[in-house]
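Model the full assembly from the supplied sequences, consistent with the hints where possible.
Protein chains: 2
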Amino acid sequence: MAKYQQLVDQLREQIEAHIWPTGEKLPSLRQQAEQSGLSLMTVMHAYEVLESQGWIVSKPQSGYYVAPRAASSRARPPVQAIARTDQADTNSFVFDVLQATRDPAIMPFGSAFPDPELFPQRQLMRSLVKVSHTLRPGDALNNLPPGNEALRKILAQRYAQQGITLSPDDIVITNGAMEALNLSLQAVTEPGDWVVIENPSFYGALQAIERLKLNAIAIASDVQQGIDLQELEQALQRWPVKACWLMTNRQNPLGYTLSAERKQQLVALLARYDVAMIEDDVYSDLYSGQDKPLPAKAFDRDGRVLHCGSFSKNLVAGFRVGWVAAGRYAQRVQRIQLMSTLSTSAPMQLALADFLSTRSYDTHLKRLRQTLAKRKQLAQQALRRVLPADAHVSDTPGGYFLWIALPEHINTTALYHLALQAGISIAPGQLFSSGDQFSHCFRFNTAWPWDSRAEAAVETLGQLIAQLAGARR
Amino acid sequence: MAKYQQLVDQLREQIEAHIWPTGEKLPSLRQQAEQSGLSLMTVMHAYEVLESQGWIVSKPQSGYYVAPRAASSRARPPVQAIARTDQADTNSFVFDVLQATRDPAIMPFGSAFPDPELFPQRQLMRSLVKVSHTLRPGDALNNLPPGNEALRKILAQRYAQQGITLSPDDIVITNGAMEALNLSLQAVTEPGDWVVIENPSFYGALQAIERLKLNAIAIASDVQQGIDLQELEQALQRWPVKACWLMTNRQNPLGYTLSAERKQQLVALLARYDVAMIEDDVYSDLYSGQDKPLPAKAFDRDGRVLHCGSFSKNLVAGFRVGWVAAGRYAQRVQRIQLMSTLSTSAPMQLALADFLSTRSYDTHLKRLRQTLAKRKQLAQQALRRVLPADAHVSDTPGGYFLWIALPEHINTTALYHLALQAGISIAPGQLFSSGDQFSHCFRFNTAWPWDSRAEAAVETLGQLIAQLAGARR
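Same order as they appear, the protein sequences are chains A and B. Here the first sequence is numbered in our numbering, starting from 1 and rising by one per residue. Here the second sequence is numbered in our numbering, starting from 1 and rising by one per residue.
These are computed hints drawn from the structure, not numbers from a lab.
Sample of chain A residues at the chain B side, in silico, Cβ under 8 Å:
1) D139
2) G176
3) G318
4) M348
Note that this is a predicted model, so its numbers are computed, not measured. Glycine is no exception: its CB is placed at the ideal position from the N, C-alpha and C atoms.
Here you go:
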């Protein structure tokens, strides 16, 4: 844990224990530094964090005082604030989990990607061959940020089909959604800023926030209802939040889709507090039912939503092409991209533009959704057979993840290590939160052929869970 | 200018003017904040910068005092320290210059890329078609960081041909050298750290340092000899430098190549001060003469050099494939890449691996070097005809840039704007330094067919320069 964080925790405990009562003056920065042996910079940082969290207030030309706060709110802080910490261990664990899913001998229930055999390889390669024959030497320049014009036009048309009007110039083509999200976050924050995420959330958000020296506020999110808008508003009242990084459709890892009404409320709330929204919508085409749900971007009136999409989860993983409809931030995103990776590969952009100009994409997506729905159902059935009766398996429509909550005493990081030895990967709850409240949960990828190998792997997983359950009883 | 920087400048001037004599106690942080109306954080930051630059020292439990320093060194600071500033304007100008080179109607003397018609388009596309036929759906996973194994092996073999032994596992394939450089910088620094660059230097280095909230120290670099190693050592003595970002072969924009001896001295010096080196070597294959010069990496004994290369300047710009031989930082670079862009496009990696496994690459490079040398000579001749007699045109072997120093009263940013109106781009000196000492210089890209259009553009450029020279006389 960072040194300043230790001081933050210590002072917060002391304030909670009324060692420093409301209104009391705290030691000056220099006094605190001398007492604690910490540097002035560290103490300054700790006081800053405490101030931004509402525990203390600074009075000009006087010093720092314990803030007046209601006892009730202090007893149970409404949101979980994660200050910057040294998350080297978490990053290293995420890395290990990702690496494990690359070994073809491992059953990839922990993977974030669907079975690549579901993708229209032949048609895509046909587009790539076509591009190989027509690409001109100068095409690299034509595909610099904001990216290939034909591709941006097609994307704008797809937004238009949902009734969302935006200009191709609002769209920036990126090296996958991962770059889109990272560029977006950089476009709307400075180090030290506060960013709201869901709890649990995509580990990429946690990592990006850590890497860019931002502070995260994780808002409780329900497996059915999604992010708690009341808690969100409380957080916006209390912290100087600059941006939210949220998923509105088939949230990773929980799987929920916010209702259109809640999306609208969300955007209105963020507009009220002038907060930018990074909308991670990489599963948008993997809906269930007839109609593709709207993104929150559909309710954006002033360009504050940066809507990030990708082809990696529904068409082709290896091309590394995504985009962001970046609203008022489009030019900033482009500039940061020029400094970071310069641009997205020209042949990949052109091949996708070619493929998307055919009808194949929608035909493929329809079939993909059907296959994924079937596989998910089979996985749910298989899991229910082997899981303890008190386990909870999420049942949200669309996508290909299940979120499984085991009885609380079963640690899924232990399960992860045991399963890996047995040739099975899962994504343990620890990846999706900086706290440990999901240490009994895991994410399960159902997008694999439901054959005897998968059945056997689920059997083994069930036995390992039973072992872990027994070990603690 | 940032507020803290104003305070830094003000106090430095006051110290130089002996308003605060050596040994004098400065106002405390809180006093200074009250006097100046600045926040404590800003004052703290300013004092920190002054301390790291050796102007003041802090004494525990006492305060800040003016440091004892030799009058001579104060009269002429040996290196130019650039503290973080708001460089939004510079970034915006770089962006505008880059955008201008994309318009085919503009003569791209300001471009960083060579004429794409010089690249072996047909053979590359043959490799791409081959890949299109053999790519398997699962290949995306096999090409995640560190990247395609065959490609990393070929690169390791090319290092071995120069007598540099490194494992394919030291190499990480990236989205062009731009990503390689940025990942490297992130791998070896934290915000607030000090980084050495050349003066002048590649604008991408200045931008990355600004974006990652680092502090730059720009070391004077001579158009023939390259970076001044004495100044570098003085800087290492005086500042807590974490990393250098340097070019050793055909430095951009000056064009010099450090001698092998100086490269060895450089690496030894950095080892002595335990400083990491990011070596930007994207022009390594564009040498003149028989043998490819060694990179500084060849003298690296303990994995501190992150050697960044690319195919964008010598083979194909639009694929966006580069690499870093990252030594002891290889795993860190991979992890940061996984969080930033996930990986480099699989088809692009595979197509390059296929192309490089043939003899075509070396045949192409040989021809490319010959053509570039011829074009550069023609450009030099044309420029000498039109430039004022007191202009200086660099004459360094290899590469395709010329660095042109006009008489000091001619402002090349003004020239840039005039030239652009006449359909000609140049890269003004302002892009390559945060100071203004190169405001009479510009970089000129000679890698274009030397036809009547180019000749006419150089004529026009000469007339514009004469106009500007006359205007101030």
